[in-house]
Amino acid sequence: GAGVSQSPSNKVTEKGKDVELRCDPISGHTALYWYRQRLGQGLEFLIYFQGNSAPDKSGLPSDRFSAERTGESVSTLTIQRTQQEDSAVYLCASPKGLALSTDTQYFGPGTRLTVL
Amino acid sequence: DQQVKQNSPSLSVQEGRISILNCDYTNSMFDYFLWYKKYPAEGPTFLISISSIKDKNEDGRFTVFLNKSAKHLSLHIVPSQPGDSAVYFCAATTQGGSEKLVFGKGMKLTVNP
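Going line by line, the protein sequences match chains A and B. Residues in the first sequence are numbered consecutively from 1, following my numbering. Residues in the second sequence are numbered consecutively from 1001, following my numbering.
Because the hints were derived from the structure by calculation, they are not lab data. Ideal Cβ placement from N, Cα and C applies to all residues, glycine included. Just to be clear, a hint being listed does not mean it is correct.
To be verified - Simulated crosslink set (DSS-like; lysine-lysine; CA at most 27 Å straight-line):
no. : chain 1 : residue 1 : chain 2 : residue 2
1   : B       : K1068     : B       : K1105
2   : B       : K1108     : B       : K1005
3   : B       : K1105     : A       : K11
4   : A       : K11       : B       : K1108
5   : B       : K1108     : B       : K1068
6   : B       : K1068     : B       : K1054
7   : B       : K1056     : B       : K1005
8   : B       : K1108     : A       : K57
9   : B       : K1068     : B       : K1005
10  : A       : K57       : B       : K1054
11  : B       : K1054     : B       : K1105
Said to hold, decoys possible - Beyond 10 Å from chain A on every Cβ pair, some chain B residues (computed):
no. : residue
12  : D1001
13  : M1029
14  : S1049
15  : S1098
Stated by the list, open to error - Okay, the calculated beta carbon distance ranges per label pair:
no. : chain 1 : residue 1 : chain 2 : residue 2 : range
16  : A       : T76       : B       : G1016     : 33 to 39 Å
17  : A       : T114      : B       : K1108     : 19 to 25 Å
18  : B       : A1070     : A       : V12       : 30 to 36 Å
19  : B       : S1028     : A       : S73       : 42 to 48 Å
20  : A       : Q50       : B       : T1110     : 25 to 31 Å
21  : B       : T1026     : A       : E68       : 40 to 46 Å
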């Protein structure tokens, strides 16, 4: 596709369950970012991929959060034993080209996660 | 500790007038700044950016001004249009490394016809 896509668009889960969120970045882009936006807050950086490796995981809030990327394309963000404070919109972004942020990051529509 | 601050949560202006959105930052290592616009149920859309080597960047109706000594930037929209109504996010980064974006909390702009 032409843009960044994410699935599911909405996810409602019960506290304690595991969830997987998927991101399909722009085809051929080597860099990929995950952010989240909690209610009333700005976007928070979670993790950055360059190819299949993640040189910056500094934004992951706890060890319940993990992410992987395969084939320099699809990325999956996994949250184990979800808590109510995990409720947020999770956004994926990839740069337009091979350069990083100076080449602007294009965002997907996000996955709205609600933990009951 | 908020490194990027948008202190006004909302702004309302009349169509045709100027909209001025402000942003302050605390981290002197930031050297690249961006503005994003966000509509409900959509991801943020890139609007305009500025490097710290410049103090102004213009793109059509949108101009971003950077005052490094004050650690302040602003986005001017002239003339404002009803379609500009959205939430605007200021973001900053340091070039090199992961270049992760640090965002402000956003400001809701309403342009009234």
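Status of the hints after comparison with the structure:
{"no.": "1", "hint": "B:K1068 with B:K1105", "verdict": "21 Å, holds"}
{"no.": "2", "hint": "B:K1108 with B:K1005", "verdict": "14 Å, holds"}
{"no.": "3", "hint": "B:K1105 with A:K11", "verdict": "23 Å, holds"}
{"no.": "4", "hint": "A:K11 with B:K1108", "verdict": "26 Å, holds"}
{"no.": "5", "hint": "B:K1108 with B:K1068", "verdict": "25 Å, holds"}
{"no.": "6", "hint": "B:K1068 with B:K1054", "verdict": "9 Å, holds"}
{"no.": "7", "hint": "B:K1056 with B:K1005", "verdict": "20 Å, holds"}
{"no.": "8", "hint": "B:K1108 with A:K57", "verdict": "30 Å, violated"}
{"no.": "9", "hint": "B:K1068 with B:K1005", "verdict": "15 Å, holds"}
{"no.": "10", "hint": "A:K57 with B:K1054", "verdict": "31 Å, violated"}
{"no.": "11", "hint": "B:K1054 with B:K1105", "verdict": "24 Å, holds"}
{"no.": "12", "hint": "D1001", "verdict": "13 Å, holds"}
{"no.": "13", "hint": "M1029", "verdict": "14 Å, holds"}
{"no.": "14", "hint": "S1049", "verdict": "7 Å, violated"}
{"no.": "15", "hint": "S1098", "verdict": "4 Å, violated"}
{"no.": "16", "hint": "A:T76 with B:G1016: 33 to 39 Å", "verdict": "47 Å, violated"}
{"no.": "17", "hint": "A:T114 with B:K1108: 19 to 25 Å", "verdict": "22 Å, holds"}
{"no.": "18", "hint": "B:A1070 with A:V12: 30 to 36 Å", "verdict": "44 Å, violated"}
{"no.": "19", "hint": "B:S1028 with A:S73: 42 to 48 Å", "verdict": "37 Å, violated"}
{"no.": "20", "hint": "A:Q50 with B:T1110: 25 to 31 Å", "verdict": "39 Å, violated"}
{"no.": "21", "hint": "B:T1026 with A:E68: 40 to 46 Å", "verdict": "33 Å, violated"}
Hint compliance for this structure: hints 8, 10, 14, 15, 16, 18, 19, 20 and 21 are not met, and every other hint is.
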